[in-house]
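Participant: The chain contents come next:
There are 2 protein chains.
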Amino acid sequence: MCARKLGGQTVELSRPVSVLAGGNAVGRKEGEGPLARCFDYIDGDDTFGEPTWERAERAMQQRALSSAAEKCGCPVQKLDWLFAGDLLNQCVSSSFAARGQDVPFFGLYGACSTFGEGLILAAMALEGGFGERAGVAVSSHFCTAERQYRTPLEYGCQRPPTAQWTVTGAGAAILGAGDGGPRLTHLTPGKVVDKGITDTNNMGAAMAPAAYDTLSAHFRDTGRGPDFYDLIVTGDLGELGSQLLLELFRRDGVELSNHADCGLLIFRREEQDVHCGGSGCGCSAAVFTGYLLEGLRAGRWNELLFCPTGALHSPTTALQGESIPGICHAAALSAGPGPADKTGGKNGWNI
Amino acid sequence: MCARKLGGQTVELSRPVSVLAGGNAVGRKEGEGPLARCFDYIDGDDTFGEPTWERAERAMQQRALSSAAEKCGCPVQKLDWLFAGDLLNQCVSSSFAARGQDVPFFGLYGACSTFGEGLILAAMALEGGFGERAGVAVSSHFCTAERQYRTPLEYGCQRPPTAQWTVTGAGAAILGAGDGGPRLTHLTPGKVVDKGITDTNNMGAAMAPAAYDTLSAHFRDTGRGPDFYDLIVTGDLGELGSQLLLELFRRDGVELSNHADCGLLIFRREEQDVHCGGSGCGCSAAVFTGYLLEGLRAGRWNELLFCPTGALHSPTTALQGESIPGICHAAALSAGPGPADKTGGKNGWNI
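Going line by line, the protein sequences match chains A and B. Residue numbers for the first sequence follow the numbering used here, beginning at 1 and rising by one. Residue numbers for the second sequence follow the numbering used here, beginning at 1001 and rising by one.
Wrong hints could be hidden among the right ones.
A partial selection of chain A residues facing chain B, derived with a Cβ cut-off under 10 Å [as the list claims (entries may be wrong)]:
| id | residue |
| --- | --- |
| 1 | 52 |
| 2 | 214 |
| 3 | 265 |
| 4 | 312 |
| 5 | 316 |
Derived list of chain A stretches under chain B, where covered just means 3 residues or more per stretch with a C-beta under 8 Å from a C-beta of chain B [claimed, not checked]:
| id | segment |
| --- | --- |
| 6 | 96-106 |
| 7 | 176-182 |
| 8 | 237-245 |
Simulated from the structure, these hints should not be mistaken for laboratory data. Here a beta-carbon is modelled for each residue, glycine too, at the ideal position from N, C-alpha and C.
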């Protein structure tokens, strides 16, 4: 048969869905960070040759997708589906980037969790037999996000210590039914979790409870402990959010000793003055498609749990005094021998 | 096996995924329209008892989902997945409505096509074996949309003849694997189509090419002609958009004599002064879950093609002089004997 649902929230794929290729493009600040050599393209001034920041972000997302397509020899228009999203109002970076690409398109909004949401939906589509190749493309841009969510770029306001820096970055992955890369094995979509945080300058605190909720569900549903994984990577909890996540698990008597965060990986935090770290859905997308995929292929990690989070508020809800709901979408990937291979059985196909 | 892909863009489901129930809630103007008796709840002043328009929309979406849940005896927290979206920046109506509902959540953005997008993704999830019950919830509210997209409510600006009226409405459907209601049989997700329309007061013209594109793909992929269907229903092309769609097909020598549009169904256009008709993703959602589902169950129509469209621009892109991309997501439903039954064969399960 097909996949099966484990517990309340997790799906176990019954046949391989692999990440065939990842592509990305980032801005200057990201290109000056520790992961620079993992990125396909670094733009020198964040304009990507375009006259507006919005067009720059669109061009960046297109570049990331083209790069992934080129690496696996699958032109974008040959994809069966494209799942895409970004942080802008009406997700225009994604829609406009997909315009003219001649591929069926699903617009997503999960804030900074969108790349995880996209991986999950794309994997579900392929597992279900809906086509052979699906693309996931996500972006964020400091300049488009800053003026939409916060203040005009020229404003030069002070950022508090808990603030994070929206990454100028896009990441795209091409998934394929069958083998051909690190395999997605288990998917745990998240629930909307709100613990009452109202400080829009403290996204880490707003999102950490959602990460705790989804990860707990994942461990419970799969019967796996955190130590099953070589690495558990959140998207952009940042420094404080990461500490809070660890503390939440510590209260359960669980030590997450193998946790990393894309927002902490992508910048040299002190040197690049990003306070609590990088953020934005492009953060997890660029780091996943660059650094994490590379590590999975090189055997640095065999089992990886990728779990980006998102803060689901808007400037309007914040101004209306609402708290900030969060969400975390988790996808488990395996680059080692499949569980079935370890038992000497089939290659994962159950039919 | 599982579903199969037809042609470039359509999926044929290989086992029944049914619409078990539909629920909705609308505002006063919609409750004064011709479909009033099809709606579960009509609010007298569009506030839904809330102190802000944004909270009103959220409450309205929750009401629609609760109504659907009640009708099929499946509490919201027992759903396997919830797919939801709306027109607001960061889709806050949907995220906040899902907060505390304890259900895994996928945020979508397809503008006014979102309900079609949600039906497609939910059906794919269930067909793939991912759980048994999925919810789709979508809303729009005149007051939240008007001031975000156009002008403050107090502004009282003139609306041109091609303008449409954003529906205050929410619709929710609960899909189930197996029989139990009208069956989704074929899904044709749309591509982003842009023919250069820049007039943000003429959404019908912006979206009609996308409807033409998706419908053409659907007919081509399935081998069905328009006459296979008892009704082909777009979401909110409105009067002008509908005329344009018919004209586009007429150029191919095809007469769409069985076309209807939710935006033209929901209001008495002249009397209620809505110019080209209703719009908003709540329009198609409320009409589908009220009027169309009822008609399918009553045998008024056996084969229905539901194809809402969306305009994927934002105020920012419009102000920057961009044109308006559109998208159309189509889902075919059958309430008659299944094709397999007509041939005296199996009930649709191929495994």
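Participant: Quick one: which hint numbers does this structure break? Sort them smallest to largest.
Facilitator: 3, 7, 8
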